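As given, the protein sequences belong to chains U and X, one line each in that order.
Take 33 as the starting number for the first sequence in the working numbering and just add one per residue.
Take 991 as the starting number for the second sequence in the working numbering and just add one per residue.
Just so you know, these hints were derived from the structure itself, not from any lab.
Treat the hints with care, as some may be off.
[Unchecked claim] The following label-pair restraints were derived from C-beta to C-beta distances:
| id | chain 1 | residue 1 | chain 2 | residue 2 | range |
| --- | --- | --- | --- | --- | --- |
| 1 | X | 1042 | U | 223 | 12 to 22 Å |
| 2 | U | 112 | X | 1042 | 57 to 67 Å |
| 3 | U | 56 | X | 994 | 51 to 61 Å |
| 4 | U | 90 | X | 1061 | 39 to 49 Å |
| 5 | U | 49 | X | 998 | 24 to 34 Å |
| 6 | X | 1000 | U | 172 | 39 to 49 Å |
| 7 | X | 1000 | U | 110 | 49 to 59 Å |
| 8 | U | 209 | X | 1006 | 35 to 45 Å |
| 9 | U | 131 | X | 1027 | 15 to 25 Å |
| 10 | X | 998 | U | 112 | 55 to 65 Å |
| 11 | X | 1236 | U | 216 | 32 to 42 Å |
| 12 | X | 1170 | U | 172 | 51 to 61 Å |
[Said to hold, decoys possible] Result set (EDC-like, lysine to aspartate or glutamate): computed pairs, CA atoms no more than 16 Å apart in a straight line:
| id | chain 1 | residue 1 | chain 2 | residue 2 |
| --- | --- | --- | --- | --- |
| 13 | X | 1039 | X | 1108 |
| 14 | X | 1213 | X | 1119 |
| 15 | X | 1122 | U | 207 |
| 16 | X | 1122 | U | 256 |
| 17 | U | 142 | X | 1031 |
| 18 | X | 1032 | U | 257 |
| 19 | X | 1032 | U | 112 |
| 20 | X | 1024 | U | 135 |
Quick caveat: nothing in here was measured; it's all calculated off a predicted structure.
All C-beta atoms, glycine included, are put in the ideal place defined by N, C-alpha and C.
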Amino acid sequence: MAVNAIEIDIQKLSKSFRNFQVLKDLDLQIRASETTVIMGGSGTGKSVLLKHMIGLISPDSGKIFVRGVDITTQKGPALDTIRSRFAMVFQSAALLNSLTVAENVGLGLKEQHRFSKKEINEIVIEKLKLVKMEHKYNSLPGELSGGMKKRVGIARALAMSPEVVLYDEPTAGLDPIMAGNIDELILELKQKFKMTAVVVTHDMQSAFYIGDHICMLYQGKIIEEGSPESIRHSSNDYVIQFITRHKSVQT
Amino acid sequence: MANPIAYIGIKALTLFQLTGELLQLFASTIYWSKHTFRNVDKIFHFMVKMGVNTLPIATFTSLFVGMVMVLQTGYTLEKFGMAESLGAIVPIAMARELGPVLTALLLAGRIGAAITAEIGTMTVSEEVDALKTLGINPVRYLAMPRFLACLCMLPVLVIYADVIGILGGASVAATYFHIPTKIYFDRMAESLQFIDIIKGLTKAAVFGATIAIVGCRYGLEAKGGAAGVGEATTRSVVCSFITIYILNYFITRLWL
């Protein structure tokens, strides 16, 4: 896909949970081959927005076009086909605890029944090497640290050869060095595979380091978006407070 | 509860919705059963797990139920000089009713709860969402193997429970009522028909399917962390029990 083409187009998206409106007529465009970072405070609906993009949550109203196809109207195999172009790295890594690292990474391929055991194993080793986790091939998720789990989660996502990767708080709960390593990995993957990435985070350092385009989510809407530089020089009080931690909230 | 009519209406709607969801999951599981051969090892793994876990408690339950049945009925029959008929009564009761129902309740308590807890934990820790993003249908991957394992394993457990219950009854009949074991089994052979066993096993298969579907439904719908999983597990067991009682009544009526 051409660079700067619209990969995901979200129009007037609204979602409520038990009378609490999380997203309100939200509009957002994700460009191909770019890393779009969605920032926002805890509980502002960042993860909810991300899960809408892959059809894990259905909106109350609004549309989400993925390369021109509205995924909110898709179900079953049609939705599976669209999902096959995506991969998601979960905040908790969401590895299956009963499976080894290698089985987790190869799970999607195994269940497709299109590859032999040998082929799956080769792909698994290749992806584990990419995230420097090949030495944990036979370990269970319970034996891994938080950072290791996230790396394995990324390897599992990459094993499906996605065109778009959605990262849900990839650096949350990690020490600064491990968080920096994950940032480097996301950048490396983008440069190597030219993948479109959407990263949800409230880690400012990470956002400015990996983001090509940054959006600020507040009270269910995108209140500011632009390049890291334009966000850094924003005049919006909430954005300033979010970056500096020290200004009153006025939007 | 401001308005009792509204309260009853809401409860009725919830019941209809639950029934609809269970039937939908059942239909979806049947659809994905086309992948049975690809999942034979997984189904066999669950069958072994279910069987081994339930065997000790099934042994105790059916043994003592068979023994108590003989004590209770024998006490009355002895007054009429008909204690020898014990061999005609207890095995039929075990094969038609007690074996399938009691074993199903045990399986619901042990395996149904385990299914909900396992899938529920996967749901609240986003593992089920992760499966979806990998293009894996959770019903195919999680529900279908458990459904087929329960469907096949409960009849096997019922055969075992029937045998243990009948043997327990025979031992009490011999030691307490002094009825020779040969007479007990002769009476059983005269009265117990093959169709009685088939009816009991059919009930067992229906109950097995019910336990798996209810367990999976509550697991897939679990919300809110550990507390949510605990609540889903309790609801799953209660729902399985009630569904087994209701189905048992209607299946029995159908065959009368």
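Each hint tested on the structure:
1. Evaluation of the 12 to 22 Å hint for residue 1042/X and residue 223/U yields a failure: the beta carbon distance comes to about 52 Å.
2. Taking the beta carbon of each, residue 112/U and residue 1042/X are about 36 Å apart, not inside 57 to 67 Å as hinted.
3. Remark: the range hint 51 to 61 Å for residue 56/U to residue 994/X is contradicted by a beta-carbon distance near 37 Å.
4. In this structure the hint that residue 90/U and residue 1061/X lie 39 to 49 Å apart at CB is violated, the actual value being about 58 Å.
5. Checking the proposed 24 to 34 Å range against residue 49/U and residue 998/X shows it holds: the Cβ atoms sit about 27 Å from each other.
6. Separation of residue 1000/X from residue 172/U is about 44 Å and conforms to the stated range, judged on CB atoms against 39 to 49 Å.
7. At roughly 35 Å, the beta carbons of residue 1000/X and residue 110/U sit outside the given window of 49 to 59 Å.
8. Hint check: residue 209/U to residue 1006/X, Cβ distance near 55 Å, so the stated range 35 to 45 Å is violated.
9. Checked against the hint of 15 to 25 Å, the pair residue 131/U and residue 1027/X passes, with Cβ atoms roughly 21 Å apart.
10. Between residue 998/X and residue 112/U, the C-beta spacing of about 41 Å breaks the proposed range 55 to 65 Å.
11. Taking 32 to 42 Å as the suggested C-beta distance range, the pair residue 1236/X and residue 216/U does not conform, at roughly 59 Å.
12. The beta-carbon spacing between residue 1170/X and residue 172/U, approximately 57 Å, falls within the hinted interval of 51 to 61 Å.
13. In summary, the hint linking residue 1039/X to residue 1108/X is supported, as the alpha carbons are separated by about 14 Å, within the 16 Å threshold.
14. With a C-alpha separation of about 13 Å, the suggested pairing of residue 1213/X with residue 1119/X holds against the 16 Å cut-off.
15. The suggested pairing of residue 1122/X with residue 207/U is violated, with an alpha-carbon distance near 30 Å, which exceeds 16 Å.
16. With a C-alpha separation of about 32 Å, the suggested pairing of residue 1122/X with residue 256/U is violated against the 16 Å cut-off.
17. Taking the CA atoms of residue 142/U and residue 1031/X, the gap is near 14 Å; set against the 16 Å cutoff, the hint holds.
18. The hinted pair formed by residue 1032/X and residue 257/U fails the criterion: a straight-line CA distance of about 48 Å is larger than 16 Å.
19. A threshold of 16 Å between alpha carbons decides the hint, and for residue 1032/X with residue 112/U the separation of about 23 Å lies outside it, so the pair is violated.
20. At most 16 Å may separate the alpha-carbon atoms for a hinted pair to count; residue 1024/X and residue 135/U exceed this at roughly 24 Å.
Hint compliance for this structure: hints 1, 2, 3, 4, 7, 8, 10, 11, 15, 16, 18, 19 and 20 are broken, all remaining hints hold.
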